[in-house]
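*Asks:* Sequence:
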Amino acid sequence: MAESLERVWTQLLGEGQFVAVASHSGHQLRPEVRDLMKLPDEERLREEDPFTEEWAVIAPTRFVARRSRFEVDLNRARHEAVYLGPDNAWGLDLWKEPLSQDIVDRSLAEYDAYYAALREVLVGLEREYGAFVVFDLHSYNHRREGPDGPAADPQKNPEVNVGTGTMKRDRWARVVDTFIDTLSNYDFQGRRLDVRENVKFVGRQLPQWVHENFPESGCVLAIEVKKFFMDEWSGEVNREAMDEVKRALASTVEPVLAALKATKKGKRKAKKGTSALHRAMRIGFVVNDVMTEEAGYTTTRLAMRARQMGHEVSVMSVGDLAYDSDEKVRAKGRSVPKHIYKNGASFLKDLQGKAAIEERVTVDDLDILLLRNDPSTDAVARPWAANIGIQFGRVAMRHGVVVLNDPEGLAKATSKMYFQTFPAEVRPMTVISRDRADIKAFAKERGTIVLKPLQGSGGQGVFLVRPDDVPNLNQMIDSVSRDGFMIAQEYLPDAAHGDTRLFVMNGEALRHRGKYAAFRRIRQGGDMRSNIHAGGRLARAEIGPEALELVEIVRPKLMRDGMFLVGLDIVGNKLMEINVFSPGGLGSAQKFEGVNFSEAVMRALERKTRAMDYYRRQFDNVAMAII
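In the working numbering, the protein residues as written are 666 to 1292.
Check before you lean on any hint, since a few could be wrong.
[As the list claims (entries may be wrong)] Straight line, CA to CA, 20 Å or less: simulated SDA-like cross-link-like pairs of lysine to any residue: (1) 1180 - 1261; (2) 1117 - 1149; (3) 997 - 1025; (4) 821 - 809; (5) 1180 - 1207; (6) 993 - 1053; (7) 1019 - 1048; (8) 997 - 1027; (9) 703 - 692; (10) 1239 - 1205; (11) 926 - 881; (12) 1109 - 1096; (13) 1003 - 1021; (14) 1256 - 993; (15) 1014 - 962; (16) 997 - 1030; (17) 1007 - 973; (18) 865 - 926; (19) 1077 - 1056; (20) 1081 - 1060; (21) 1117 - 1155; (22) 1081 - 1241; (23) 1180 - 692; (24) 833 - 843; (25) 1180 - 1155; (26) 911 - 926; (27) 1109 - 1083; (28) 1081 - 1107; (29) 1003 - 1029; (30) 833 - 870; (31) 1239 - 1087; (32) 926 - 1049; (33) 865 - 755; (34) 1014 - 957; (35) 1007 - 1260; (36) 1239 - 1027; (37) 1077 - 1088; (38) 1109 - 1095; (39) 997 - 1049; (40) 1003 - 956.
Don't read these hints as lab results, they were simulated from the structure.
Let's have the full structure, built from the sequences with the hints guiding it.
*Replies:* Written as structure tokens, this is what we have:
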């Protein structure tokens, strides 16, 4: 399988007022972009800055691109961030065929998410310290005429170009001058570097964006280092020179921060409790029935963790939702009186007992509404309740609430037919029919198959049909077809060892403190079902390249459908199921990995809420679901 890809960037948050950004350090392309790329890798590499990530380590907080600027350029204005042709790509012939709008939109979604994340961090630094400085790190070519051609005129191509053209120069004069003076006087292998301001570049989108959004608190130095430390055509690096560049840049940090703190804004100290990184969210959890929730449920864990983190939490049953005459969605919600609970059992005891605070909640006033009810649970006994959460979620979404997962996406997924809309490469061979002849023909062709109802969950009504079972196949079909359509799937031999549940959040494998949110479900005895409700036992999961590649393949559609949090059920290199309705087992992953994944989910929701605040709710629900 192809290499697994990370999100378009990674970030590391440290202490202090100093940030480094390496916007062009990435080289990877997501598969759909790579398939259309005509330009050879070595030509792409010439226009990228593959070594700036190593320089960025001088900062405690840093943003580093992982994917190529040829997928999306994080240092260009949004309207030109995706290179559509030679005109905005140095005359290079890039594509085998024009990029589709879907591909462009997915790239721009990454762009938007990057700047939303950057804004979040910078607002926090502004609130905490009053001001901050950013090193925007790049390298540039100076032998455009070919490997044997002359170097560009050194008078017009300094070894280090400092771009300050997008800032209020007088506001940040002390910082800029200190940086240039310190770097110019650094002993670089027995000589001085040629460091000048705004000769070759003045700074592009990232510094412009920071200076527009943080004009009095943000100082960005757009630092372009000429590729004198390498052969830009062959890619061969003079490691000693490149490392010396890093040491030279590091030598400027302490003087620059001293200059920053000497400015009026830089002197300001943080006020306790005013960090922009935290504000209480108003979160609603929609469940099948509050009184049937259990302590080990993922929803219980999420609600408890939200309360522990200081957020306002209301849990509501689908039957308690209402659409009032003033056209607002309301519900009878239950909340708990305390912030801190030892475990899910004590939290649930208060939520379901006399200690609960019951009140009529205006759903339209919430920041986040999490649809955590499972339609299949209500499909038989309470069919009216099965999809009502989606219907009310749609109304709340139109009224400006961030509804997760996106109700329009959930509507598509109300039957297992949704699974068939994902690429065939990730799915077992499948037949869906009510005709027993179709099922029998498939069983004859494949030998061993799995037979189950199109609707349903929890491992109920699932049969393993071997060649020896053909005489009993009619009885199995009768049992399964009572619930409607049947699914017949090829049997995957690896299923004998059980399956792996891997959580995906915002289109990526959920990872917190270096651990993946995943666990294994192992078959017990002769029962083919590894589902824990059907008697399977649990174990720790090892997440390798095959599983991460599956995530990468399904990621574009999950993002397009607004699926914030889902569970992938994996057997070998195939998916058995994609769970988008109230995926469970987060506590099991926490048990085996020793980290609180519920906290990671809440942090993601906090980021969405802040983004909605910053942008005055300009993004649609699908965009908010995945950033």
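*Asks:* Please go over all the hints and tell whether each is borne out by the structure.
*Replies:* Hints, verified against the model:
Annotation: proposed proximity of residue 1180 to residue 1261 holds, straight-line Cα distance about 10 Å (limit 20 Å). Taken as a hint, the residue 1117 and residue 1149 pair is honoured in the structure, with Cα atoms around 10 Å apart against an allowance of 20 Å. For a cut-off of 20 Å, the pair hint linking residue 997 to residue 1025 stands: about 5 Å separates their Cα positions. Pair hint residue 821 plus residue 809 holds up; C-alpha atoms about 14 Å apart against a cutoff of 20 Å.
Distance hint between residue 1180 and residue 1207 is fulfilled; the C-alpha atoms sit about 10 Å from each other, no more than 20 Å. Under the criterion of a C-alpha separation no larger than 20 Å, the hint pairing residue 993 with residue 1053 is consistent with the structure, at around 16 Å. Distance hint between residue 1019 and residue 1048 is unfulfilled; the C-alpha atoms sit about 30 Å from each other, more than 20 Å. Of the supplied pair hints, the one linking residue 997 and residue 1027 holds, its CA atoms being roughly 9 Å apart against a limit of 20 Å.
At most 20 Å may separate the alpha-carbon atoms for a hinted pair to count; residue 703 and residue 692 meet this at roughly 15 Å. For a cut-off of 20 Å, the pair hint linking residue 1239 to residue 1205 stands: about 19 Å separates their Cα positions. Simply put, residue 926 and residue 881 have alpha-carbon atoms about 13 Å apart, close enough for the 20 Å limit, and the pair holds. The straight-line distance between the Cα atoms of residue 1109 and residue 1096 is roughly 13 Å, inside the 20 Å bound, and the hint therefore holds.
In summary, the hint linking residue 1003 to residue 1021 is supported, as the alpha carbons are separated by about 10 Å, within the 20 Å threshold. A distance of roughly 40 Å separates the Cα atoms of residue 1256 and residue 993; the hinted pair therefore is violated under the 20 Å criterion. Restraint check for residue 1014 and residue 962: satisfied, since their Cα atoms lie roughly 14 Å apart, inside the 20 Å limit. Annotation: proposed proximity of residue 997 to residue 1030 holds, straight-line Cα distance about 14 Å (limit 20 Å).
Only pairs whose Cα atoms come within 20 Å are accepted, and residue 1007 paired with residue 973 is accepted, the gap being roughly 10 Å. This hinted pair does not check out: residue 865 and residue 926 have alpha carbons roughly 29 Å apart, beyond 20 Å. Our distance criterion of 20 Å between C-alpha atoms is met by residue 1077 and residue 1056, whose separation comes to about 13 Å. Only pairs whose Cα atoms come within 20 Å are accepted, and residue 1081 paired with residue 1060 is rejected, the gap being roughly 25 Å.
Distance check on the hinted pair: residue 1117 and residue 1155 sit about 12 Å apart at the alpha-carbon level, within 20 Å; holds. A hinted pair counts as satisfied when its Cα atoms are at most 20 Å apart, and residue 1081 with residue 1241 qualifies at roughly 11 Å. For a cut-off of 20 Å, the pair hint linking residue 1180 to residue 692 is broken: about 25 Å separates their Cα positions. Note on residue 833 and residue 843: the hinted pairing holds, with a Cα-Cα distance of about 16 Å set against a maximum of 20 Å.
Between residue 1180 and residue 1155 the CA atoms are separated by roughly 32 Å; this puts the pair beyond 20 Å, and the hint is violated. In summary, the hint linking residue 911 to residue 926 is not supported, as the alpha carbons are separated by about 23 Å, beyond the 20 Å threshold. For the given pair, residue 1109 sits about 26 Å from residue 1083 by alpha-carbon distance, which is inconsistent with the 20 Å threshold. A C-alpha spacing of about 18 Å is found between residue 1081 and residue 1107, which places the hinted pair at or below 20 Å, so the restraint holds.
Only pairs whose Cα atoms come within 20 Å are accepted, and residue 1003 paired with residue 1029 is rejected, the gap being roughly 24 Å. Between residue 833 and residue 870, the direct Cα distance comes to roughly 15 Å. Compliance with the 20 Å bound is thereby established for this hinted pair. Taking the CA atoms of residue 1239 and residue 1087, the gap is about 12 Å. The hint holds against a cut of 20 Å. Taken as a hint, the residue 926 and residue 1049 pair is broken in the structure, with Cα atoms around 62 Å apart against an allowance of 20 Å.
The straight-line distance between the Cα atoms of residue 865 and residue 755 is roughly 16 Å, inside the 20 Å bound, and the hint therefore holds. Between residue 1014 and residue 957 the alpha-carbon distance is near 12 Å, which keeps this suggested pair within the 20 Å criterion. Using a Cα cut-off of 20 Å, the hinted pair residue 1007 and residue 1260 holds, with the two alpha carbons roughly 16 Å apart. Annotation: proposed proximity of residue 1239 to residue 1027 is violated, straight-line Cα distance about 43 Å (limit 20 Å).
Our distance criterion of 20 Å between C-alpha atoms is met by residue 1077 and residue 1088, whose separation comes to about 16 Å. Proximity of residue 1109 to residue 1095 is assessed by CA-CA distance (about 13 Å); at most 20 Å being required, the pair is judged to hold. Taken as a hint, the residue 997 and residue 1049 pair is honoured in the structure, with Cα atoms around 18 Å apart against an allowance of 20 Å. Of the pairs offered as hints, the one joining residue 1003 and residue 956 holds, with about 19 Å between alpha carbons and a cut-off of 20 Å not exceeded.
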